[in-house]
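Asker: Next come the chains, spelled out residue by residue.
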Amino acid sequence: MTQRVAITGVGAVTPLGVGVETLVERWSAGDSGIEDGLGCCTEFDPTEHLSIKEARRADRFTQLAIVASDQALAQAGWEDGPSVDPDRVGCIIGTGIGGMNTIEDQLDVLRGRGAEAVSPLAVPMMMSNAASGVLAMRHGLKGECYGTVSACAAGAHAIGVGLRMVQHGDVEACVVGGSEAGITSLAQAAFEGMGATSPSGFSRPFDARRDGFVMGEGAAVLVLESEEAAKERGAEVLGYVTGYGATADAHHLTAPEPSGEGASRAIAIALADAGIEPDGVDWVNAHGTSTPLNDASETEALKSALGERAREIPVSSLKSAIGHTLGAAGAVEAAATALCLQRGVAPPTVGWEERDEDCDLDYVPGDARTLESDGRPLRAISNSFGFGGHNAVLCLEAP
Amino acid sequence: MPTANKEQIEERMTEALVSFGAEKEQIKRDATWESLDVDSLDLVELAQILEEEYGVKMKEEDMKDLKTVGDAVDFVADRAES
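If you read the sequences in order, they're chains A and B. For the record, in the first sequence the residue sitting at position 309 is 309 according to our numbering, with numbers rising by one throughout. For the record, in the second sequence the residue sitting at position 29 is 428 according to our numbering, with numbers rising by one throughout.
Isolated chain A (complex conformation):
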């Protein structure tokens, strides 16, 4: 028998501040954390949260994950480590790139001072699995542990994998999430060079004026736990992850398949996994990157997977408020989705004004919307798609 999987802790560091509550409150109020065309975590000061040793041994992407995990585990009541058998707690953290800051810094050292000056900390800081390993050490999580790497779908894949581990009883709980700190000169130049980022510096998902994504950074971590174990220990259930669907476009290195076929299949698989029909979905927290291609093909995917229901429900993009946090996005958006469902609110796609003929759904312009259902718990899907043609969709449900 598969286990029903509860969320018992969430944490995040985003351009809208430290904490998921702050994120959801500010997003709902229509605030934006984007300044000068970038979504930086300006309110995050690693020295407030980490010792000198911890900070200097962790790339910024790991630092962000550490702070998000501290919040998530504290909310789950696990400040001093899991109260269940630590051998039965996993840790899966996704990232798009990993320790980008470290790679660039050490390349400067190599070119400036030679090979012998390269730091012995370079490898453990730059490796994409650093965040998962460091969180396991910090919190004493001794079950299955690794990083997922699938560009902008990495955070969602991490949650999907963690969900399966708990459902199948491989672990009793799994600390899952995503983290990214890719706002570096090389990454900025590279994304700009391929025409992915916005020349205007505005994140306008689904808007006719959209011209690319705005780079963001951040992290989010969730504690997933079997509902049975959570209830047994009296933990507060913040929501449920009820379904997961993941597919590949097998189409192009960066461009999404225009009809959204791969994304649509991922949505359909996630709904079937959750055991619900399209009319059981009340809100879509979209991938909505603000690139011309993604937003059009995602709209197609939603219409194809949800049918008429796609036109009846609100579709919001958090990236309108914080930019694209790449490998963290799927986790940040899932954490925000859980809290939004708990509050019964669909925050707006901030700044949406001009309808595009290829994007003809309700993208929640202006103010946040109240979500309603006929007595049953509210449900949403959270979409994540990555370069490489990776699609990962999660179904979440309010407690």
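Read the hints as simulated data drawn from the structure, not as lab findings. All of these numbers come straight from a predicted model, not from anything done at the bench. Built from N, CA and C at the ideal position, the CB exists for glycine as well. The reader is advised that the hints may include incorrect statements.
Below, computed lysine to any residue pairings styled on SDA-like, alpha-carbon distance capped at 20 angstroms [said to hold, decoys possible]:
no.	chain 1	residue 1	chain 2	residue 2
1	A	K53	B	E433
2	B	K423	A	R56
3	B	K458	A	P120
4	A	K53	B	I448
5	A	K53	B	I426
Just a sample of chain B residues kept apart from chain A, beta carbon distances all over 10 angstroms, derived [to be verified]:
no.	residue
6	E406
7	M412
8	I426
9	R478
Knowing the structure of chain A, use the given hints to seat chain B on it.
Answerer: What follows is chain B alone, placed relative to chain A:
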């Protein structure tokens, strides 16, 4: 080869260890790496700094015999002066 006295070397080493996260008050000649929470990765970095500063190469096998701050200071001082 640059010359340096033991005090200067200890001062430079203390500065490095503090930047690694060790408590300054605990850094004394007889303090062991374990007591300062200095591990193998820190020692490689320390060796890089000392080599750059004093031109003294500290190989992995040398490091094995250096158990305390004082051991490392003496090691560097002996070779920097020779």
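Asker: Is the straight-line distance between the alpha-carbon of K53 (chain A) and that of E433 (chain B) 20 angstroms or less?
Answerer: holds, 14 angstroms
Asker: For R478 (chain B), which was marked as not at the interface, is the minimum beta-carbon distance to chain A over 10 angstroms?
Answerer: The claim holds: R478 (chain B) sits with its nearest Cβ about 17 angstroms from chain A, beyond 10 angstroms.
Asker: If you draw a straight line from the CA of K53 (chain A) to the CA of I448 (chain B), is it 20 angstroms or shorter?
Answerer: Holds: K53 (chain A) and I448 (chain B) sit about 17 angstroms apart, inside 20 angstroms.
Asker: Sort out whether R56 (chain A) lies within 20 angstroms of K423 (chain B), counting only the CA atoms.
Answerer: Between K423 (chain B) and R56 (chain A) the Cα gap is close to 17 angstroms, so the pair holds against 20 angstroms.
Asker: Classify the label on E406 (chain B) as holds or violated, using whether its beta-carbon is more than 10 angstroms from each beta-carbon of chain A.
Answerer: holds, 24 angstroms
Asker: Is it the case that M412 (chain B) keeps its Cβ farther than 10 angstroms from each residue Cβ in chain A?
Answerer: Since the minimum Cβ distance to chain A is about 16 angstroms, M412 (chain B) lies beyond 10 angstroms and the statement holds.
Asker: For the pair supplied as a hint, K53 (chain A) and I426 (chain B), is the alpha-carbon distance within the 20 angstroms limit?
Answerer: holds, 16 angstroms
Asker: Next pair to validate is K458 (chain B) with P120 (chain A); report whether the Cα-Cα distance is within 20 angstroms.
Answerer: holds, 14 angstroms
Asker: Is the Cβ of I426 (chain B) more than 10 angstroms away from each Cβ in chain A?
Answerer: Holds, because the least Cβ-Cβ distance between I426 (chain B) and chain A comes to about 14 angstroms, which exceeds 10 angstroms.
Checked against the numbered hints above, the structure breaks none of them.
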